[in-house]
Structure formats: C-alpha cells, structure tokens
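The sequence shown maps to residues 1 to 399 in the working numbering.
A portion of the hints provided could be inaccurate.
So the derived label-pair ranges between C-beta atoms look like this [said to hold, decoys possible]: (1) A276 / P37: 15 to 25 Å; (2) P37 / E277: 11 to 21 Å; (3) G362 / G8: 34 to 44 Å; (4) T223 / E278: 19 to 29 Å; (5) A361 / E238: 29 to 39 Å; (6) G124 / S344: 33 to 43 Å; (7) A276 / A111: 25 to 35 Å; (8) A276 / A132: 43 to 53 Å; (9) G362 / A104: 10 to 20 Å; (10) E148 / G109: 16 to 26 Å.
Since the hints were derived computationally from the structure, they do not count as laboratory data.
Note that the structure is predicted; figures quoted are calculated from it, not measured.
Positions of the beta carbon are idealized from the N, C-alpha and C atoms, including for glycine.
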Amino acid sequence: MAFTPLPGTRAPVRVWTDPYGIEPQAAQQLRNIGALPWVQGVAVMPDVHFGKGATVGSVIAMRQAVSPAAVGVDIGCGMSAVRTSLTAADLPDDLAPLRAAIEAAVPVGFAKRANPVDPRRIRGLEQAGWDAFWKRFGELDRRVAQLESRAQHQMGTLGGGNHFIEVCVEQGGPDAGQVWLMLHSGSRNIGKELAERHIGVARKLPHNTDLPDRDLAVFLAGTPEMDAYRRDLWWAQEYARRNRAVMLALLCGVVREQFPQVAYGEPISCHHNYVAEESYDGVDVLVTRKGAIRAGRGDLGIIPGSMGTGSYIVRGKGNPDAYCSASHGAGRRMSRGQAKRTYSTADLVRQTAGVECRKDAGVVDEIPGAYKDITKVMAQQDDLVEVVAHLKQVVCVKG
Numbered sequence: 001m002a003f004t005p006l007p008g009t010r011a012p013v014r015v016w017t018d019p020y021g022i023e024p025q026a027a028q029q030l031r032n033i034g035a036l037p038w039v040q041g042v043a044v045m046p047d048v049h050f051g052k053g054a055t056v057g058s059v060i061a062m063r064q065a066v067s068p069a070a071v072g073v074d075i076g077c078g079m080s081a082v083r084t085s086l087t088a089a090d091l092p093d094d095l096a097p098l099r100a101a102i103e104a105a106v107p108v109g110f111a112k113r114a115n116p117v118d119p120r121r122i123r124g125l126e127q128a129g130w131d132a133f134w135k136r137f138g139e140l141d142r143r144v145a146q147l148e149s150r151a152q153h154q155m156g157t158l159g160g161g162n163h164f165i166e167v168c169v170e171q172g173g174p175d176a177g178q179v180w181l182m183l184h185s186g187s188r189n190i191g192k193e194l195a196e197r198h199i200g201v202a203r204k205l206p207h208n209t210d211l212p213d214r215d216l217a218v219f220l221a222g223t224p225e226m227d228a229y230r231r232d233l234w235w236a237q238e239y240a241r242r243n244r245a246v247m248l249a250l251l252c253g254v255v256r257e258q259f260p261q262v263a264y265g266e267p268i269s270c271h272h273n274y275v276a277e278e279s280y281d282g283v284d285v286l287v288t289r290k291g292a293i294r295a296g297r298g299d300l301g302i303i304p305g306s307m308g309t310g311s312y313i314v315r316g317k318g319n320p321d322a323y324c325s326a327s328h329g330a331g332r333r334m335s336r337g338q339a340k341r342t343y344s345t346a347d348l349v350r351q352t353a354g355v356e357c358r359k360d361a362g363v364v365d366e367i368p369g370a371y372k373d374i375t376k377v378m379a380q381q382d383d384l385v386e387v388v389a390h391l392k393q394v395v396c397v398k399g
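Use the sequences and the hints to build the structure in full.
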C-alpha cells in the first residue's frame, strides 16, 4: 500500500497503516515527534504502537540531532536467522529434547553465564575484534564501569520478554519444508543501562526544556553529550550484534549435535532498534529505527510475527519515502497487562498448537492474540519489502 500522511504535523509523517486505527496515545506521540524542529521526517510502520517517548514502529530522520528515546532502551535489539540443509522430514516427532538442548546451551530470562564467552571455543563464530571490543568498555560512560563483569557474563544470553529462539519450517514455494534457525535479542542489561543514563542527561539540557514530551529530549551535533552518546551507542549496537552471533553459533552447534549431516547457509542479521547515518534528497540525517528494520534495495531482513504465527524473510525495495525501512514484526495490539487479563493458559495452549514451547502463565503476555495480524502487517508494506520466505515455527524458546 502507499503511505498516508498524518495531518497536523510540521515535518512530514508518513503512515503505512490506517492512521485512524493508530491508538490515540501513539498518534499523539507521532505528532509530538513531527513537531520537533530537528526532524526531517517520520515514517510509521504498520506494526506501530505506543512506546516510551517515541513510538514503537517509527523511523525518525533528524538533522544534526538524535533522540535516545527514539532508539529505545534495548539498543541494537534485532534478529538473526540462518537456513539449514535440513527439511521437516528430518525432524523427529518429539521436539521436546531439541528444545531442552537449546535451553541448556543458551541461558534465558534473567540467567547469565557461569563464565564469559570464549570465542575460540565456539565453532562457526567470527573470531575478529573481540579483544578490541572489550577493551573499549573502559571508554564508556563511567557510571557503568561496575557493570563490565555482568556484561561479559550476559554475552550470549537471550533475555526475556519478547526475545526468543526458534526452529522454523519454510511454508510454500519451491523450498517448502526447509528448516531455518532464528533468534531475537539485543544488548541485554548493558544497553538498557547506557540508554537510560543518556536519556537522563538529555532531559537536563537547556534546549530540551520546552519539548512536548521530556522523553523526546535530543542531543545536538558538535556537543560533548552527543559525542558521548554516539560512542556508547555504537558500542552497544556492536554488543547486540555479537550477542546474537554467539547465540546463533551455539544454536547451530546444538542442531549439529543432533543432525551431524546439517549444513548452513549465510546468516542474516538485522538490528531493529538503532541509529544509522544516511542521506535522502541530498540531506545527511541521523535515522533512528525503533521497531523497524533497514529495507534498502536488496537488503535481506527478518520480520517475525508471534510465538504461534510464523515469520518472514524479506528483501528490501529501497523505498525512500519510508527512509528505506520496514516493520520489525507484527507489533503488539495490547499491553502485557491487558494480555494477562484477557487470556488464560488454556488460550495459550490453543493458540500455540503444534509448537514445542512453554505454555504456562509466565508467557501468557506473549500469546499470539496479543499481537497484530502479521499477514495484514505484511500486506500493508508490500511497497517496502518483498517476501523471500514465509516461516512457521515448530520450536520456540522464550525467557
């Protein structure tokens, strides 16, 4: 579909869904963002929903400025996936042992590792740059100095909430039945700590005193505060990328132990909470994607649904109206609290039928019914991406 302009904003706000269907709180957030003097434009993805400060599912292009709340607190959160040589016929009827093996290899929830990751001991993991990466921890905001050990022990861990690891089967097309591995995670606690500290700094800067929402406070180019934020931001984005790489390599190892004949394709990885330096119509901008992936022409990306509805591997069409972006998933249609009040564990069992996963009260807030219809979301962005593969999970590991 083509975008629809959101009326009543200074900068153009282009919406890839029904603007009248956006929840009022999120619509007001978008108008607040569009009113900021530094904003070049905003692209609103079909999975849009209310977030802290900036809306989830928003792509914001700013001139010489960046708002840390427009990135989110899980800096670098994103997806990784890899196609295997296995087919559904290779998988056993009982997938519980495979799920248990994955959970044994990758700590989930609040769990961390007993010992920091040693990249040299993980088959298939990139070896370059690890020492230099960890040495840069000492350059980060001094207020997180005491968290270095925790950050090291959380490297290669999943976390909780909507983070997951899945074994999926491709649906339809010439490659129907092909098995994929997929995961969703970010920069763990260290990204959150860095983000919250910088948001606090931004709120106190004089140029942010009259904003419509204090959480939209920005850093300006050429200032020490901007330099400090970007230094920590780039590091946290790299942490998130490496974190997913570690988990994907471990996941591949688990599958290899059970299926020695398996071979793997080239992994796909994409952030969906991050900042990038880009240029549109000859204007250099800092683009924040909060709940959105880059979908430049030819870019491969991953758009998940929920723990019972499947996901999509996509190829970007490079639509400049959307700042070459697409949605990061289905997007929530109700809060976690509302989901818990609305659904029961019996509902969860019904909605995740055929998926080897947790089906207890601890994950009811992640029930498929709490999310928007992923097929509708995909239809609303057919001018942003083309579908390469439609996947359906058969195993889902959550924190």
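Each hint tested on the structure:
1. A hinted range of 15 to 25 Å for the beta carbons of A276 and P37 is consistent with their spacing of about 21 Å.
2. At about 20 Å, the CB distance of P37 to E277 agrees with the hint of 11 to 21 Å.
3. Checked against the hint of 34 to 44 Å, the pair G362 and G8 passes, with Cβ atoms roughly 42 Å apart.
4. T223 and E278 have their C-beta atoms about 21 Å apart, which keeps the hinted 19 to 29 Å range intact.
5. Restraint check, A361 to E238: a C-beta distance of roughly 36 Å satisfies the suggested window 29 to 39 Å.
6. The hinted window of 33 to 43 Å between G124 and S344 holds, with their beta carbons roughly 41 Å apart.
7. For the hinted restraint 25 to 35 Å between A276 and A111, the CB-CB distance of approximately 32 Å keeps it satisfied.
8. A hinted range of 43 to 53 Å for the beta carbons of A276 and A132 is inconsistent with their spacing of about 22 Å.
9. Checked against the hint of 10 to 20 Å, the pair G362 and A104 passes, with Cβ atoms roughly 19 Å apart.
10. In this structure the supplied range 16 to 26 Å holds for E148 paired with G109, their Cβ-Cβ distance being about 22 Å.
Checked against the numbered hints above, the structure violates only hint 8.
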